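Protein chains in written order, with this note's numbering: chain A, 1 to 120; chain B, 1 to 578; chain C, 1 to 277; chain D, 1 to 325.
Bear in mind the hints are in silico, worked out from the structure with no lab data behind them. All of these numbers come straight from a predicted model, not from anything done at the bench. Hints may contain errors.
The calculated DSSO-like cross-link candidates involving lysine-lysine, where the alpha carbons are at most 30 Å apart (straight line), are [unchecked claim]: (1) D:Lys269 <-> D:Lys120; (2) D:Lys306 <-> D:Lys322; (3) D:Lys255 <-> D:Lys293; (4) D:Lys185 <-> D:Lys255; (5) B:Lys368 <-> B:Lys522; (6) B:Lys522 <-> B:Lys442; (7) B:Lys368 <-> D:Lys148; (8) B:Lys84 <-> D:Lys120; (9) B:Lys566 <-> D:Lys70; (10) D:Lys123 <-> D:Lys148; (11) B:Lys442 <-> D:Lys70; (12) D:Lys255 <-> B:Lys84; (13) B:Lys566 <-> B:Lys523; (14) D:Lys185 <-> D:Lys212; (15) D:Lys148 <-> B:Lys84.
Here's a subset of chain D near chain A, in silico, CB distances under 7 Å, partners left out [claimed, not checked]: (16) Phe21; (17) Gly174; (18) Arg175.
Note that the Cβ used here is the ideal one computed from N, Cα and C, for glycine as well.
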Amino acid sequence: MQHETSHVNDAHHYDDHAAGVHVVPLQVLAGIFVALLALTYVTVAVTSIDLGSFNLWIALGVATVKGALVVLYFMHLRYDSPFNSIVFITAFVFLFLFLGIVIMDSVAYQPAVYELTPTP
Amino acid sequence: MATTTQTWEPTQSPAAAPDNYLTHTRGITSWIFTLDHKRVGIMFLVSVTICLGLGAFFALTIRTELTHPGPTILTDTTAQLVSKLTLSNTQLTPQQMYNRAFTLHGAVMIFLFVIPAIPSALGNFVLPLQLGAKDVAFPRLNLFSYHLFVIGTVFFLLTLMLGGVDTGWTFYAPYSVETSTAVATAVVGAFILGFGSIFTGLNFLVTVHTLRRRGLTWFQMPLMVWSLYATAIIQLLATPVLAITLVLLLVERLFGVGIFDPALGGDPVLFQHFFWFYSHPAVYIMILPAMGIVSEVISVHSHKHIFGYRMIAYSSIAIALLGFLVWGHHMFVSGQSALAGMVFSALTFSVAIPSAIKVFNWVATMYKGSIAFTTPMIYAMIFIFLFGLGGLTGLFLGALATDIHVHDTSFVVAHFHYQMAGGVLIAFICGVHHWWPKMTGKMYNETAGRIVALVILVGFNLTYFPQFIIGSHGMPRRYFDYEGMLDQIPHLTLYQIISTVGGYMFVGGLIAIPIYLLHSLKKGRPAPDNPWGAATMEWQTSSPPPWDNFTKLPAVTDPYDFDHLKYDETTQGYVTTP
Amino acid sequence: MSETSEQNDAVGHDEHPPWLAHHFDTPDQQAASAKLGMWTFLLTEILFFSGLFCAYAVFRRNHPEIFFDGHHFLNTALGATNTAVLLLSSFTMAWGVRCAQLGQRRGLIVTLTATLLCALVFLGIKYTEYKVKWEHHMVPGQGRIEALFGVQPEGEGTVPGEPAPRGFHPDIEYVVEHLREADQEAGVRVIAESVYQAELEQRAQYLGTFFGIYFCLTGLHAIHVICGIIAITWILRRAVRNEFSPQYFAPVDCVGLYWHLVDLIWIYLFPLLYLIH
Amino acid sequence: MSNFLSLMHSIPAAILADGSFWLPPPDSSTAGAVDRVFYLVLIVCAVFFIAVVATMVGFAVMYRRRPGHKSERTATHNTALEITWTVIPCLIVAYIFYAGFSAYMQMQTAPQNSYEILVKARKWDWFFTYPNGHIDSDLHVPVDEPVKLIMSSDDVIHSLFIPAFRVKMDCVPGRYTYAWFRGIKEGTYDLYCTEYCGDSHYDMQANVVVHKSGEFDAWLDNAANFYKDLPPAEAGEVLFTRRCNQCHSNDGSAKTGPTFKGIFGQEHKMRDGSSVKVDENYLRESILDPQAKVRDGYQPVMPTFKGILSDQEIDFLVAYLKSLQ
Ligand code: HEA
Ligand code: HEA
Ligand code: CUA
Ligand SMILES: [Cu+2]
């Protein structure tokens, strides 16, 4: 009866799950692992080269690629119900909303802030 | 899906003496460790009411103190009393007691009452029933939420015993970092309560997604469910930020990590951003479920299909999302940049719109209905009255120029009491009356209910309307004494007296409610399954519902189409006519 | 009741195994709920960390120099090793889930054990890193913590009789020396030694901001690792008792998701804290 | 619609000149603008509130449940209607935002030639430093001249609020904040602290004195050296009432701090058990470095007056304390 339920409410995402969970082949997992190690090496390596402010963005970029690999394959999100992806992405949307506005503001009022004064 | 394969107690056939969730198992532990969402709901209901009483105690302390310029009841003698009652040996000054009073009042009311009140108490009871489900998705987690609530409450009581906390419920740094009061326990308490709230939201979200009765589509869900769903979204997205904010405040206070404390190179305005990123959405955690209740009650008790169902449903979601974009309107004079001020002001008005839509829809629903002046209906109308007024005053606060003037005056105090006491508290009471027959299987005394409702309406406006006036004249909030402004603000003392008298009237009314409700448990006439003629699923099961909610799979219908319901003299309730 | 009985036929009794909670009708429904619940929980976890990332971003944006100075005190080699270790643990965890899906009990037990070991190694390395900071009194409010263990507050900023001070009170010589070396490597030319010395001491003080955030971030992450260890042990125990089957392995799946998130967060922490250019 | 609004918006400020049921008299150059926004919103609220409540009550009466009355089936939604009552409020709030924002901009941008006064907030005192170095606990300003306040705080967040001028701005530790106004009518007004800052938050008030044009400068240099023709003890008394009497009494009554009555020459027990004879040096030290010797039975909450009281002023205070026998 739940199968019928699945069809009428949007829980039908869960059907593919129901139809039999997706088993990721071991080679894929291993491959991802190697890729992750490689990327880690890359970030470390890149920092020694001076690219000005780009270093930060590259580091974050690589981290994001690594994160994506973990999420998509280790966490099966790629094969999971789309709604779970929505949930996960929402988290980042609101994270950036929060960071974005707060940084925007703090940068704007920095001029009024005293020179940093450490513990007296 | 309410019915499944296993274990229907034989007694549960409608014929036999009904075994309901109250009588199903006995003994105190069968409550404390129950996995039944209905019982968890009831436990929350009792707990938050007691907390409400606690908050009210402080409220009255505040009001009585403000009746007259100069120390009124908070004097050195009362201070001695307090120092005896608490574990803190130091003798407080009157103003110190006042500062603790409004802080505890605010913190208790917010964290222990309004936020859990409707979702955790009524929502817990109603949501699965309205979905035709047997329980929430994670009953254990649900119970855990309640236990977290209790633990959090204990921490607040601990705070009380340690002599209270005096930061204001907003915990602004750096004051909260340097004050010598029991900030730590209060913060830990709020942190724990926060997680309770998160888990409730998580539970509801998943329940709505996966436990809807088969055939129940999204747009056949009652609006209460929609609003609880929207609430869950906020609880999940905003509350974790409160949690981390409190953690940081704590480590800042204990070790000095230099994030908020300017003395260590921190940034106090950053704290306000963190705090309000949660605490503005939090006000919609409070009001959305209230709106859900009102949507139900208005339609049912006017025996009239809700007007603009989809608009109301969408506006709930809209409020939930837009609510995240406006937190800076609490910081217009905090030293945040003018740019941010402008953006936040503009966005603030955008949240006013969905609320406006709801209000208009509710009123339109009554058009050509058959309106019964039952207690819930009266409260629903009071809600529209008070929430409308309170919300509209939000426009003064949202507009930059005027907020500069009224910020942190009792104008703001009046605004949010119209919203939280007039909006949420009233809706809460409204819901309690509406579902009381379902929860307890008893009908309460209608006349008592109606009279009390009117007393509350009058008392409420007497309490808070004067605070708008003195506020816009410049009476700051969190002021223990107002001798200094007597020459500046006309009739200040008079307004304060009116406010206090109203406050007592209000409390008087509210205290009466638990009394006649409890009385109905003994003397009240047994409630029919569907006393109001409502079409949502919770009214299709018996009152009170059986352990597994439904003995018979409830029919999926348009939740606001009442034409198939006819009043039946014998049961004095409504029955479906084919 | 006719409808009910008809429902009963819809799903035969035999299909309601013990691990299927009474309020669910089918294993899929239960698994789907668990999954959705877990992902939602991860969402709250991410927002829980968001506050710290926000603080990091704000302070790094406004005082990059402090973060540059600060990262000299972190050991990139160890950080990288830890990253590799966590990645490995993530891999074994994913493998474990796979074993669970396929009902390979021994495989599950082995992979989970491997994951646990990695987790412990991670904590071990983190411990050695923290230890160095501790020895040079570079933990904000360290005096307060020591006081908990009855250590008499000493070092600068302490007033006899008063409780140990909040904030950052490192042993200046060490920090200054370290900064000096870092500058030399970077080839900074010193004009007036006395001025330079004073400046170094200033910079040493400012490091409080960096280490405040560093310990909050890594500390909170470490706490999550510990929670993960507990969760995995619990799963391992159930695996040993052979409680899982290809039909029922949701707990493994969920703990796996949690563990991967812990890894995910570290993936960001590593470059943000260790690899500052 | 919008010209109806602008009509509301241009309520003649005249009729509100000497305050009203809602607002104190608008005695700064920008107050009028604020008030106009206030009344604009007020009218919008009144209109909508009355409309909503009247309709609700009307329906409640007309369609009350009674024998023979049935609820009629009507449309369950009406797109045209719903769009209308979405768009109209949108337009209205958009206008309110615009009105509020433009007034705000006036309040934000101080004129170039403003007279600058440094404001230091501290639990629970205001210190206003004038260009000539004089520090006063009240805010004195010339009428019809733009005054810019450069504000900061020594301890926690405070907020400077002058209702009559519709001016409010937080004083945040660790940074500067700014506010400006132009008093248009001489007189004395209240200044409150509106950010909760601890025990005596309610008492953190000061006066704003708007001087007739010309008189301000006279006041300033008189204030700067008011003691020109006063005996030291009396000069000390003035300082005492300005700075100390919120915590110290001169008549033996107890306050946050010990009373000064007969203090000179007494033996006092200190927290650390030692005891001190109160002489000139001790008094001086207590004022400049209060935490050095904290008297037994009191909290070490006395702030230092280093940099706030000149040596001469301290001498006056000492003289005054001696005179309190
Ligand atoms: C349940 C709680 C609740 C709710 C629902 C609201 C709703 C709103 N609030 Fe309120 N607010 C608080 C609780 C709440 N608030 C609290 C607790 C504080 C103070 C915290 C503290 O400092 O301690 C506060 C403070 C506060 C401030 C900061 C004030 C200050 O400190 O300076 C502002 C500023 O913009 C604001 C605005 C609004 C607005 C625009 C809405 C809107 O959502 C209102 C929308 C509703 C309506 C608009 C009315 C219904 C509509 C009609 C009748 C139709 C006509 C409508 C139009 C023409 C638009 N609120
Ligand atoms: C839900 C939120 C809520 C509610 C319901 C109330 C209710 C009341 N509040 Fe509260 N108030 C706040 C939230 C709330 N308040 C907050 C957040 C602040 C700001 C604090 C700060 O500045 O930090 C505040 C501040 C505040 C002030 C301003 C203090 C100051 O700034 O100086 C005042 C002054 O009049 C006040 C008065 C009242 C009164 C008279 C009530 C009355 O409505 C109380 C009515 C009585 C009841 C609701 C209880 C009746 C009892 C029962 C029904 C249960 C009985 C059963 C048992 C005992 C078992 N409140
Ligand atoms: Cu200073 Cu309140
Ligand atoms: Cu808000």
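The hints, checked one at a time:
no., hint, result
1, D:Lys269 <-> D:Lys120, "33 Å, violated"
2, D:Lys306 <-> D:Lys322, "21 Å, holds"
3, D:Lys255 <-> D:Lys293, "18 Å, holds"
4, D:Lys185 <-> D:Lys255, "37 Å, violated"
5, B:Lys368 <-> B:Lys522, "38 Å, violated"
6, B:Lys522 <-> B:Lys442, "9 Å, holds"
7, B:Lys368 <-> D:Lys148, "60 Å, violated"
8, B:Lys84 <-> D:Lys120, "39 Å, violated"
9, B:Lys566 <-> D:Lys70, "12 Å, holds"
10, D:Lys123 <-> D:Lys148, "22 Å, holds"
11, B:Lys442 <-> D:Lys70, "27 Å, holds"
12, D:Lys255 <-> B:Lys84, "22 Å, holds"
13, B:Lys566 <-> B:Lys523, "27 Å, holds"
14, D:Lys185 <-> D:Lys212, "8 Å, holds"
15, D:Lys148 <-> B:Lys84, "49 Å, violated"
16, Phe21, "37 Å, violated"
17, Gly174, "5 Å, holds"
18, Arg175, "4 Å, holds"
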